[in-house]
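Engineer: Given next are the chains, with one letter for each unit.
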Amino acid sequence: MRTILVGIKRVIDYNVRVRVRPDGTGVVTDGVKMSANPFDSIALEEALRLRERGEADEVLAVSVGPTEAQQQLRDALAMGADRAILVKADAALEPLAVARALLALVKRETPRLVILGKQAIDDDCSQTGQMLAALWERPQATSASKLEVQGEVARVTREVDAGLETLEVDLPAVITTDLRLNEPRYIKLPDIMKAKKKPLDVIELASLGVDAAPELKVLKFEAPPQRQKGIMVKDAGELVAALKQRGLA
Amino acid sequence: MDRVLVVAEHADGKLNAAVAKCVACAAAIPGAEIHVAVLAIDGSAVADSAAAIQGVARVLLVRNAANEPALSAVLAPQLAKLAEGYRFVLGPSTTFGKDLMPRVAGLLGAPQVSDVMAVESATRFRRPVYAGNAIATVEAPAGRQIVATVRVASFTEAPAGEPAPVQAVAIDVPLPVSTRFVSVTAARNDRPDLQTAARVVSGGRALGSADNFKLIQGLADKLGAAVGASRAAVDAGFAPNELQVGQTGKIIAPELYVAIGISGAIQHLTGIKDARTIVAINKDAEAPIFEVADIGLVGDLFSLLPEIEKLL
Chain F
1 MRTILVGIKR VIDYNVRVRV RPDGTGVVTD GVKMSANPFD SIALEEALRL RERGEADEVL
61 AVSVGPTEAQ QQLRDALAMG ADRAILVKAD AALEPLAVAR ALLALVKRET PRLVILGKQA
121 IDDDCSQTGQ MLAALWERPQ ATSASKLEVQ GEVARVTREV DAGLETLEVD LPAVITTDLR
181 LNEPRYIKLP DIMKAKKKPL DVIELASLGV DAAPELKVLK FEAPPQRQKG IMVKDAGELV
241 AALKQRGLA
Chain S
1001 MDRVLVVAEH ADGKLNAAVA KCVACAAAIP GAEIHVAVLA IDGSAVADSA AAIQGVARVL
1061 LVRNAANEPA LSAVLAPQLA KLAEGYRFVL GPSTTFGKDL MPRVAGLLGA PQVSDVMAVE
1121 SATRFRRPVY AGNAIATVEA PAGRQIVATV RVASFTEAPA GEPAPVQAVA IDVPLPVSTR
1181 FVSVTAARND RPDLQTAARV VSGGRALGSA DNFKLIQGLA DKLGAAVGAS RAAVDAGFAP
1241 NELQVGQTGK IIAPELYVAI GISGAIQHLT GIKDARTIVA INKDAEAPIF EVADIGLVGD
1301 LFSLLPEIEK LL
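Quick note, the sequences are listed as chains F and S, same order. Be aware that the first sequence starts at 1, since it is given in my numbering, and climbs by one per residue. Be aware that the second sequence starts at 1001, since it is given in my numbering, and climbs by one per residue.
Same shape as in the complex, but just chain S:
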């Protein structure tokens, strides 16, 4: 039996949906006994949510006033200590996990497999490289401790199950004070979360301005969709960075992805290729986005958007 430690991402007392996807990945490891580590100030609600995920055998709750807002320099030494005796240490391939997990791996002196998209055996994993232009099958040495990040777009959330026990754990390691949280600024919005939304409407450079970018919000509202953006639209200042979809932004797998005025650079396509249905609207019939779109429409987005909205 291999013990797997899944690191819980959470904010504002809520467990991130990516954690249930990490549990799904962990459950694909033959004979895995899955524990979830919650590092928080209080963390009771988060621990209860994690305990209710099917496949979780135990939740380890580590309380410390320094644990929120999450800083990798503070969390990593606690996790490295907690990871003793675990064969695998998994975290989500979100900005939280990407920042934290290699620091844990560094402290453990363990190799990391980034962006696991499939588990083939307890030692074999598949992961994308070259912006998803190639898929590598990686073999880890048997018996070696492995750190991994989970490409969340590749897994569906493990369902709810019987609640597992929550165990409070005290970890006595010195924590650095050389890294300090100052602030986080996020545009408050009532839309579905881009990373986990079932539907996403994204805008590109062709929208032309931040004002025009708001045009796609009407369509997103009609579809109950999250809003995304291409790198070009973010670079041009039409949309904030957290909306960026693609290799270096968010990699998503919604049921429906609607690309408005996005030409479809390879780095963008990397972020959407697991979408079930891709719809593209672009005035350039030669745009690469049409090569991957399930439904394509060539035309002027400024006249098409209001028409489509009216028909929905």
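Looking at chain F on its own, in the form it has when it is part of the complex:
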């Protein structure tokens, strides 16, 4: 079975304006919409396309997180994943712990590709994929904007500071997605019904025997300093005068 394993993280929805709690212990989550990390939806879409092109037999969606993440896995199944596994962990995990949990699953499921988002939009760490690749001792190609699989090799175009870099990696490998890799499909109502019959296994993180104890302690969260609203000018002449006054023109 040629499996593609896709990571799904439950995060505060992309469109929510995140606010820091007044006591600084975190951000406001009460009554806030939660969704799959957008980069993970791109990862899932890419996996589905590879399966549709005959480059994979099944797409396995995995989340390492709280019980509620089953909702995002159901969405993944509705989008087209064949089965899902929730590795249940109620405490917040660091990327290294998530990478270790994913490695344990990778050893069991032996996927030919693991596709993850390049970062989660909550902690913005951008670590898990690379750490998994290191622990697994397999190639990585991060920030992918194009992915072609031919036999046992993937050719990946990456968005880098200089432009676009193309790598060739032997499979299995870890790929992380950038925004322009694809546009995820919408979930259709009948698919939501069908997804209810697809397998979603829940396993305890502890059952994987990985060291998941957090090492970094977040002492506090603060709102960032706000920029002051400046002046409005009414024409090009005033704009240039304002620049000159600041020594910028």
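Any given hint could turn out to be false.
[Unchecked claim] Quick list of in silico lysine-lysine cross-link-like pairs, BS3-like style, CA-CA up to 27 Å: (1) S:LYS1081 / F:LYS234; (2) F:LYS220 / S:LYS1273; (3) S:LYS1283 / F:LYS244; (4) F:LYS107 / S:LYS1081; (5) F:LYS234 / S:LYS1273.
[Unchecked claim] Computed footprint of chain F on chain S; a stretch qualifies when at least three of its residues, placed anywhere within it, have a C-beta under 8 Å from a C-beta of chain F: (6) 1112-1118; (7) 1134-1144; (8) 1275-1281.
Derived by calculation from the structure, the hints in this document are not laboratory data. Quick caveat: nothing in here was measured; it's all calculated off a predicted structure. Glycine is no exception: its CB is placed at the ideal position from the N, C-alpha and C atoms.
Take the given structure of chain F and dock chain S to it, following the hints.
Structural biologist: Structure of chain S alone, referenced to chain F:
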């Protein structure tokens, strides 16, 4: 004394300016002894540049034919070996560092602190989360090896100093051949580098086409500025991906940022909030960009751009 290893990013025989910013970050760690690791084929010129950064005590030069073009799968095992005895391993939060450093952390089994924007002590760091909508203060366990990426927009380059010694180091670890470089395509341009430019002119979706996007180049030329773009402009194909400014693109801190026809989505503002002066031109007076702009002008960019250029 804590030893800090800074990983040098370089290309075409030149040290990336982000390295001097990483050294500035490292120097903020109390009692740091800073070493810079240069992994290259030859690397002599790069090592000399790194040795001339103030605060650097030593440059470790690791030569290997496999080291260029840089592949994280090849560099990481060498760095993990080199990192023995170092309390901190730092790299820039560029696409190079973001790709490489977590792989090093994975091999070391060490936690990583991403995008360090301030050092409060040898164990306390500040970093942005939620696209910069919150700043977290993170504490690392005392005595534990830590990998970190440095948010380069938060630090100014360490100045030149007395040259430090360059020491060639041989590292004998097996290197994988399962990752192969194929090509890199970058638009050649003579403009200042977007990430380090003192001035940046960026265009948004309102420019309407790739042809129209060129209009902002005239203004950029007049100001001696680099050119940037919003995600919307890149997605629409008006500008190449390497010009994207924002949460998932480049995070920059120029003296002057001019946003032309950019509405100012929160993800874009994340990339520019350390700019000293923000100028915004947009036909929509309600655009969020005006909430952060130091100088705002409501109007049609197509008629305003030529006028401004003429006046400069």
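Engineer: Evaluate each hint against the coordinates.
Structural biologist: Tested hints:
1. S:LYS1081 / F:LYS234: Judged against 27 Å, a Cα distance of about 60 Å means the pair is violated.
2. F:LYS220 / S:LYS1273: holds (21 Å)
3. S:LYS1283 / F:LYS244: Judged against 27 Å, a Cα distance of about 23 Å means the pair holds.
4. F:LYS107 / S:LYS1081: The given pair, whose Cα atoms are some 26 Å apart, holds under the 27 Å limit.
5. F:LYS234 / S:LYS1273: holds (24 Å)
6. 1112-1118: holds (count 4)
7. 1134-1144: holds (count 9)
8. 1275-1281: holds (count 4)
Figure legend: structure checked against the earlier numbered hints; the only hint not met is number 1.
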